[in-house]
Each structure stands twice: as C-alpha cells, then as structure tokens.
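Top line first, the protein sequences correspond to chains A and B. When we follow UniProt numbering, the leftmost residue of the first sequence carries the number 1, and every step to the right adds one. When we follow UniProt numbering, the leftmost residue of the second sequence carries the number 1, and every step to the right adds one.
Incorrect hints may have been included.
Once the Cα atoms are required to be at most 27 Å apart in a straight line, the calculated DSS-like pairs of lysine-lysine come out as [as the list claims (entries may be wrong)]: (1) A:Lys34 <-> B:Lys172; (2) B:Lys198 <-> A:Lys131; (3) A:Lys132 <-> B:Lys172; (4) B:Lys152 <-> A:Lys132.
Derived CB-CB ranges, DEER-like [as the list claims (entries may be wrong)]: (5) B:Pro126 <-> A:Ile25: 43 to 49 Å; (6) A:Gln58 <-> B:Leu166: 41 to 47 Å; (7) B:Glu86 <-> A:Leu19: 32 to 38 Å; (8) A:His57 <-> B:Asp159: 57 to 63 Å.
Source of the hints: derived by calculation from the structure; they are not laboratory data. Just so it is clear, CB atoms sit at the ideal spot from N, CA and C, and this is done for glycine as well.
2 protein chains.
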Amino acid sequence: MTPQAREAILAADRVVGYLTYLDLIADLIKDKEKVGTAMMQEVDRCQQAVDLAIDGHQVVVISSGDSGIYGMAGLVMELANKVPAENRPQVDIIPGLSAVNVAAAVLGAPLMHDFAVISLSDLMTPWDLIKKRADLSAEGDMVIALYNPRSKKRVTHLDEVRELVLKHRDPKTPVGIVQKAGRPGQHMVISDLENFTKEEIDMQTLVIIGNSQTYVENGRMITPRGYKL
Amino acid sequence: MTPQAREAILAADRVVGYLTYLDLIADLIKDKEKVGTAMMQEVDRCQQAVDLAIDGHQVVVISSGDSGIYGMAGLVMELANKVPAENRPQVDIIPGLSAVNVAAAVLGAPLMHDFAVISLSDLMTPWDLIKKRADLSAEGDMVIALYNPRSKKRVTHLDEVRELVLKHRDPKTPVGIVQKAGRPGQHMVISDLENFTKEEIDMQTLVIIGNSQTYVENGRMITPRGYKL
Numbered sequence: 001m002t003p004q005a006r007e008a009i010l011a012a013d014r015v016v017g018y019l020t021y022l023d024l025i026a027d028l029i030k031d032k033e034k035v036g037t038a039m040m041q042e043v044d045r046c047q048q049a050v051d052l053a054i055d056g057h058q059v060v061v062i063s064s065g066d067s068g069i070y071g072m073a074g075l076v077m078e079l080a081n082k083v084p085a086e087n088r089p090q091v092d093i094i095p096g097l098s099a100v101n102v103a104a105a106v107l108g109a110p111l112m113h114d115f116a117v118i119s120l121s122d123l124m125t126p127w128d129l130i131k132k133r134a135d136l137s138a139e140g141d142m143v144i145a146l147y148n149p150r151s152k153k154r155v156t157h158l159d160e161v162r163e164l165v166l167k168h169r170d171p172k173t174p175v176g177i178v179q180k181a182g183r184p185g186q187h188m189v190i191s192d193l194e195n196f197t198k199e200e201i202d203m204q205t206l207v208i209i210g211n212s213q214t215y216v217e218n219g220r221m222i223t224p225r226g227y228k229l
Numbered sequence: 001m002t003p004q005a006r007e008a009i010l011a012a013d014r015v016v017g018y019l020t021y022l023d024l025i026a027d028l029i030k031d032k033e034k035v036g037t038a039m040m041q042e043v044d045r046c047q048q049a050v051d052l053a054i055d056g057h058q059v060v061v062i063s064s065g066d067s068g069i070y071g072m073a074g075l076v077m078e079l080a081n082k083v084p085a086e087n088r089p090q091v092d093i094i095p096g097l098s099a100v101n102v103a104a105a106v107l108g109a110p111l112m113h114d115f116a117v118i119s120l121s122d123l124m125t126p127w128d129l130i131k132k133r134a135d136l137s138a139e140g141d142m143v144i145a146l147y148n149p150r151s152k153k154r155v156t157h158l159d160e161v162r163e164l165v166l167k168h169r170d171p172k173t174p175v176g177i178v179q180k181a182g183r184p185g186q187h188m189v190i191s192d193l194e195n196f197t198k199e200e201i202d203m204q205t206l207v208i209i210g211n212s213q214t215y216v217e218n219g220r221m222i223t224p225r226g227y228k229l
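Chain A with its partners taken away, still in its complex shape (with noise of 0.2 Å):
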C-alpha cells in the first residue's frame, strides 16, 4: 500500500469496500465506521459511499489493487456525477499497484516492452470484443497481460484466447502465471503458451504472454528492451 493511500484511510471516518479487503486492513481501520459489502454488490457499495458522503462524511472507498485498473474508481465517480451540482462530493483516485505491476516485479522483466492488458471477464463485455483484442494485441507481438483469466463458470476462454494468440506466436513463447500478487500465498509459475493452460489459474491469477522476443534464463522471465549488450 503506498503512504497517500494510508493517510487516505487514516484521515476518513467512513470505509466502504467489499468485505474480505477490510478484513485485510483491520488494522488501520481499528474503529471507524465501516460499510462492507459480499462480492457482486460493487453498485451498490459505491452508491452507498458517494450517499455518505453527500451527508457529509469523509469516506474512503478500499480497491484492491490500483483502483483505476478494472477498479472501482471509474464506478464511483459515474454515480458521483450523477449528484447535482451544489451536492456532488469531491472524488480523488489514489493510484496503487495493479496486479499487472506486482505480477511482472515476481516473474522478473516481462513488461519491458509494449503490452496489452486484457480482462476475460465477460460478465459486461462480449466475449467477441474480448477475443477480437487478444487477436489484435498478438498480432500486435505485443506483451498481454490478462486479468480475471479463468473462473469456475468460464472454463474454455482461457484455451481459446491460448489458441488466437498461438496463431501470431510461437509455441515456446514464455508465459508467466502468478497467483495471489503481493498477497499471503503469493505463487509463481514460468511455462509457455503450448503448456501454460494446464496451470492451475483462477480469478486471482494474473497471466502474461510474452512476444516474440520474451525469453526466460535463470528463471526469470524477460522481455528485452533493445539496448546492447
């Protein structure tokens, strides 16, 4: 957590965010009011702080890791627009560590180099829109970094996605798999795009495909630059 998002927490009397975050800063939250809600409710939660703070409050709203990658700084400032003009509170995003930053760091230096970034969740986005940009950002040979790859309802998207990009990229190209980024039970794991799918991959696992000049020695993986050596 960065020192702006700690003052941030210490300095409000409201904290809103989804339950099992809170849990992970109990103690910094020590007394404070606290609104937290089950995964799924993310309207809902926002509404409530952008209400608490029309009241008058100081609140903070806990996103895991950078709120304004897939976060919910985009959610909470579309319902804070809504307010009229005299009431509608103040919204600043705090930047944090999305899990594509904390991912490469614990593979080694796989973002060197141009990437995409890629949710497979297709819960608000068509799965065609989805697969169209896998396509692109591989025949791109651009880096792709993929958010929420796998979940038990989504089964096969991660093995089509494996298929667009095979169609652009050798079968050896690196793949890095890193579960928990920066959490307790922080895993990582180097295979390749012919293999990687076999891994064991969930919502909070981050994926990154390499291009075509990612290459993994010492087990790290890397992307070079260009500079030489």
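Starting from the known structure of chain A, arrange chain B on it as the hints suggest.
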C-alpha cells in the same frame, strides 16, 4: 514511493541511478555512496550496479515510475545473467507506480477497461512496428496509453499515430494529457483525438486516448466498465 522501495534504499550501501532521480531522493540517500550517470548511459549505469553487487555491496538501482515498465529492471537482470552462476548477484524487482497508473488517477478513470501501453520512442524499436501496434490497438477499441509521445527529435510521430487512430475512432474521442505525473509541476489537460497534438507534449508526458465508450464529465475522463446504473 512505496514502503518497499523506501526500505530497499535505506538498506542499501550503494545507490545507482540517473542523476536527476538521485537528486529527487537526496533525503533518503543521505551519505550513502552514489553512482550517478547522465541520461542515455543506461547500460554503463546498470553494469556498474552489477559490478558493485558482485563485489559484495548491497546495491539499489533507482528507476523512475515502475522499474518493470520501460524501466531498468530488464537491463539489470540481463546484465546479471551474464555473470557466471557462482558470482551472479540476486536481483529483486520492486514494483512501483508507473506513469500510466498515476496519470490515469489524475485524469479520472480512463483505464476501467482493456488498454494498450505503447512507447513512441523508436531508438530501439522500428517505427513501423510501433505504428502497427497503435493501429491494431485502435482497431480493437482499446484505450491507448502512450509513453514517450514526443521528443525534440521526434516531432511528427504523434501526428502519425493520431491519423492511425482516427481511422478507427471518432474525432471527439477524449484524450488525456498529463505532464510530470506525480511530480512537482504536474499538469493535466483533457482534449480530443482531433486536437490533442496541438497541446504541449514532451518526453515527460503521458497521453491516454480513450476508447469508443470514454467520455468526459465534470472535467474528468471516464471509460465505463459497463455497470448498469
């Protein structure tokens, strides 16, 4: 700066980096021995860091933003890998906030959906490949973050990218421009695809081009994730 980065600097006895960055953290370095080099001497600088580590020093290499995103992580690792196993220093990468994390927070919430990160520096990458990546990312309707958008020597690249994206995207698409993200002198402006290249843009600027869903409201840029409100 994250607590982990701070601790690493405090624990080191040698601090290596681009002089300008070392000056920014002078209060942390204090009387530690510094190895500062000018811009464009990345290989020399990182080789010195590796040599010092081989000699038994606890070395920290300073890289602005996230060392794992267009930073020094890969170069240090590549140079360390050239050292025979018996002398090879251990390299730990400490993730940080990259310009894309910070600039997005300044602009609002432009990265709520899939995005591409592309550097327009063609010092080590063929310009045709960079253009191809921009073109394909635009075709895939991904938000596009541009690092190194313009330098004194490269004045027309950004206009070429603008033309490519305009083939796929409305001229009114919001474009966020952040100079010195997270540093003294930070400045942001939100323009659109038709006009953004007229703004002041240099090597220290990050440009975020929205996708087809991105909009501007109350002076902030938002790419909705797709929640029903």
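Hints violated by the structure (listed by number, smallest first): Hint check: 1, 2, 4, 7, 8 fail, others pass.
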